[in-house]
Amino acid sequence: MKKYIFALLFLLPLTLFANLSVAVTYPYIGALTKAIGADKVDTVVLAKGNWDPHFIVPRPSLIAKVRDADALIMNGGQLEIGWLPPLIERASNPKIATTAKTFLDLSRHVELLQKPTSVDRSGGDVHPEGNPHFHLDPNNILILAGTIKEFLISIDSQNSAVYEKNYAQFSDMWNKKLNTWKSKMADKNALKVVQYHNVMAYFNHAYGLTSIATIEPLPGIPPSSKHTMELIELIKKESPCCILHDVYHDTKTAEFISEKSGIKVVIMPHDVGALDTIEDLVSLFDYLTSAIK
Amino acid sequence: MQKKLLLLSTLCATLTLAGESGGSFDQSKFIPDISLIMDTSFVSRNVSNTDLEKSAPTSNYGEYGTFKEFNTNNGFNLNYAELAMHSNVDQAFELDGIFHHSTEGVEIEEAYFTTKALPYSLKVKGGKFKSDFGRLNSQHAHVWDFADAPLVYNSFLSPEGINAPGVQFQWLAPTPWYMKLGFEAMQKGNGGTFANDFDKKDGEALYVGYLKNSFDIKDASLLLGVSYANGVSNIEDAESAAAIYKGNSEVYGADLSIKNYFNSYSFINWQSELLRRDMISDDVTIGEDKKQSGYYTQLIYQMDENWKAGLRYEDFLQDSYGAKTTVNASYKTSEFAQLRLQYSYDETFKMYGNKKAIDEIILQLTFAIGAHGAHSF
Numbered sequence: 001m002k003k004y005i006f007a008l009l010f011l012l013p014l015t016l017f018a019n020l021s022v023a024v025t026y027p028y029i030g031a032l033t034k035a036i037g038a039d040k041v042d043t044v045v046l047a048k049g050n051w052d053p054h055f056i057v058p059r060p061s062l063i064a065k066v067r068d069a070d071a072l073i074m075n076g077g078q079l080e081i082g083w084l085p086p087l088i089e090r091a092s093n094p095k096i097a098t099t100a101k102t103f104l105d106l107s108r109h110v111e112l113l114q115k116p117t118s119v120d121r122s123g124g125d126v127h128p129e130g131n132p133h134f135h136l137d138p139n140n141i142l143i144l145a146g147t148i149k150e151f152l153i154s155i156d157s158q159n160s161a162v163y164e165k166n167y168a169q170f171s172d173m174w175n176k177k178l179n180t181w182k183s184k185m186a187d188k189n190a191l192k193v194v195q196y197h198n199v200m201a202y203f204n205h206a207y208g209l210t211s212i213a214t215i216e217p218l219p220g221i222p223p224s225s226k227h228t229m230e231l232i233e234l235i236k237k238e239s240p241c242c243i244l245h246d247v248y249h250d251t252k253t254a255e256f257i258s259e260k261s262g263i264k265v266v267i268m269p270h271d272v273g274a275l276d277t278i279e280d281l282v283s284l285f286d287y288l289t290s291a292i293k
Numbered sequence: 001m002q003k004k005l006l007l008l009s010t011l012c013a014t015l016t017l018a019g020e021s022g023g024s025f026d027q028s029k030f031i032p033d034i035s036l037i038m039d040t041s042f043v044s045r046n047v048s049n050t051d052l053e054k055s056a057p058t059s060n061y062g063e064y065g066t067f068k069e070f071n072t073n074n075g076f077n078l079n080y081a082e083l084a085m086h087s088n089v090d091q092a093f094e095l096d097g098i099f100h101h102s103t104e105g106v107e108i109e110e111a112y113f114t115t116k117a118l119p120y121s122l123k124v125k126g127g128k129f130k131s132d133f134g135r136l137n138s139q140h141a142h143v144w145d146f147a148d149a150p151l152v153y154n155s156f157l158s159p160e161g162i163n164a165p166g167v168q169f170q171w172l173a174p175t176p177w178y179m180k181l182g183f184e185a186m187q188k189g190n191g192g193t194f195a196n197d198f199d200k201k202d203g204e205a206l207y208v209g210y211l212k213n214s215f216d217i218k219d220a221s222l223l224l225g226v227s228y229a230n231g232v233s234n235i236e237d238a239e240s241a242a243a244i245y246k247g248n249s250e251v252y253g254a255d256l257s258i259k260n261y262f263n264s265y266s267f268i269n270w271q272s273e274l275l276r277r278d279m280i281s282d283d284v285t286i287g288e289d290k291k292q293s294g295y296y297t298q299l300i301y302q303m304d305e306n307w308k309a310g311l312r313y314e315d316f317l318q319d320s321y322g323a324k325t326t327v328n329a330s331y332k333t334s335e336f337a338q339l340r341l342q343y344s345y346d347e348t349f350k351m352y353g354n355k356k357a358i359d360e361i362i363l364q365l366t367f368a369i370g371a372h373g374a375h376s377f
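For the record, the sequence lines run as chains Z and X.
Residue 4 in the working numbering is what sits at position 4 of the first sequence, and the numbering runs on without skipping anything.
Residue 309 in the working numbering is what sits at position 309 of the second sequence, and the numbering runs on without skipping anything.
In isolation and in its complexed conformation, chain X is listed as follows:
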């Protein structure tokens, strides 16, 4: 009910603004930039939906058995319809709102202010937002190079990534190259490694810090980043609600990408990330210490304005049953519509206690309408 009200109120607000146009008190020029992004897919895999729900990925530590946020069902899926709004509030602030609509309801994916007039290359963001941890966490699904997030992100940071109410400080260092230092304090209970399902205490937060560097060598841009997150891990099993872990966790991340442009339309990008988590248990009778690392490495080749192809390999370094390999090709009819065909072979799953390789084909369509802003690098 609340979700429906939220949807109605956002639409009403835009409609009343639009309705007054032309009058003496016309405010139609102040309508924020609005866009709608829709993502739908057809999925075919060699495992039934029920069996997939019952299977456990190798790195699973908690509630998300299928590891999936999108493309969950064999057959047709409406992954999301995302309504985004952006505008300056005044000379000091900007405001962004991203409303994630799915068949299950509406969720405020992000709603945050950003400062725009602070000196010394400083910027502050507050509200609910995606953390800038690593290379992918802050990216929205529609800019991903694959139909799904890497396993190590899903399992360590949760399928939604680190996304919680909090505050972010970023500073650009006065170096000849690009160097950004960031710190975030977020409300604990993000999910994934940092779930806070029981024994809730006030005042403890999830802390995130990162340093990002970038410089160019001829037509190639190099990006190097290190990230760190530290927070409470009080994890319950999703079905039985039994406590399965109690303690504190640290996640370390290192990312590297080399993106070389051949001309205005064609590039090759090699991107890799290694994540490590150290979970320190407060009570070994509930769950023991866990140290685990995982990585993905991917190669993306954009041939021209229409065609793009990708190859990704990912695995865990401890407790691994096998690797996952993904290939895809996408075709854009314009900047605003994309068709993608993806195949993956995933050996990281155990089904009913036995190893089970999953073959999966996804045909994904993504569309954007309205005032859709440019993507950052």
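One chain only, chain Z, in its complex shape:
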């Protein structure tokens, strides 16, 4: 008996000092979790930033990554519906069950745009809860950082002071950046744009850009020649500034449209790691607010 108590005494400090292991779906959530959690949290990012966030491959190696996680943070709004459920199901880890208090769905904490009034699959791959790419409004980043702070405190109250301090630092820095980006984008207000998929909805919303059409005929459905020809006519009529294009789809159709209509294609990274130069959240929005010339 004594032996066991000794062993327990030895092991106890280890568990006390062990970091919280938090699995997150996308790199931007990882960046926020690192900013708030700093050295108290080990962050495991599941998806790569340069891949289509709708089509992450549910590799078995990812099951091993979430198997021992203490918590899971996801984007939500059905962005992960094509790949996260089988990982959660097969990881046999009650801590990452969607009903666990160590599971966080960020979409529940921000207001989603473009919530469809009715959904039908003949309208393409529509997200019934609204557009899930909400982190691309830099104002939402602060809300998300606050949500993650509260979440970390709720599961690791011992370090609440650390999380509060890191959050305060982050929000000071971010508020200054918000002003810079706002003034940079001031002259872009009411500018019309075309996109491949409506990824930049929240960025456009934040800075008053209007997205008039997408290269996809329907959400999630690859370009068709009929739709492309119609789009070229629309561009000639409406004269948008440019085509905002993600990093993961082929730019072939966009370049064809560009050639026929004379408007340029602008690559818009959607997450940390989407391009080699996008190393953190600040460089992501620095890039995005400079991209449209």
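Please note that a few of the clues may not be correct.
Taking lysine to aspartate or glutamate pairs in the DMTMM-like style, the calculated list, with each CA pair at most 20 angstroms apart, reads [said to hold, decoys possible]:
no., chain 1, residue 1, chain 2, residue 2
1, Z, K95, X, D90
2, Z, K252, Z, E233
3, X, K308, Z, D52
4, X, K332, Z, D120
5, X, K123, Z, D68
Going by beta-carbon spacing under 7 angstroms, a handful of chain Z positions derived as facing chain X [what the hints assert, rightly or not]:
no., residue
6, D52
7, A64
8, P85
9, P86
10, Y248
11, F256
Keep in mind the hints are simulated off the structure, nothing from the lab.
As the structure is a computational prediction, the values presented were derived from the model and not from experiment.
For glycine and all other residues, C-beta sits at the position ideal for the given N, C-alpha and C.
Given chain Z, work out where chain X should sit, using these hints.
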């Protein structure tokens, strides 16, 4: 009759749940995820349906002369309409039901609970379910890369695969890579090698065990698995009901796949499996010992969100008359609808005692509606 009742009762249950919506005792929010998958095909082959039924595949050992579960007839086929339901039962259990409807009736393909709150990365499943033996056995037909299952699966594990009432234990090892260990005990009489057509005794089960590993090298995922099944083989001839084998059988499986992703939409997957069965006879006057191995190896290339192509080669290592080669191409209009054209050249058959190569073209359409869940890797 029973089958019709089952269908009616499942539909009634969903309709009554849906009917109450809006009232003070509204339970409509608790409707499980429901989906319907339909698979239909047009088949053209150089052998008549009757002749195909009379022909014997090289590895045949029992009742399934045509080796076919789907695409059986020359001309039009409704392969199945599969109704699937899934929901959490409570904080401890999930429940899945998959009802396989065909022109012959309704069958409970799977109905099982899964635990969701066990510690130490453990999971228990119980009910009737597809065994996790090998790489393909647990997969449903609509996720197959080909319109048909490999011959070695059909002949060793039966056209339905290992699918029986039982219990499954799975454990994820705390390794830096993915490692899963599983054990299953199932009611004997699965069919295929493990048929239990006569001399039935209580208490003997079909046992299955497997170890699966996976790790990544850059954008490629490697999967390596070994599987083992052991059970009674008391096999009768389907037509004459004469005993043709009595004993015990072991099936060993080894699988390897390397799947490399070029981007979010395009990949190449090389997948191979080798199965071996050792049938040990209790009575050589009924049937002798039989040792046999078979394999398939396949290459799948997904070009983009719409197009996919596949090539498969398969053969048996003993008692083989020849190999089977299959090529196909499929086009998806979305995640929920797929058109597939498949051609195969099959030299593994004997018809009326003579070798007969079978040419087969299948045009297959598969649709899914409702709350269709994501597929695992």
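Self-check item: Earlier hints that do not hold, by number
Solution: 11
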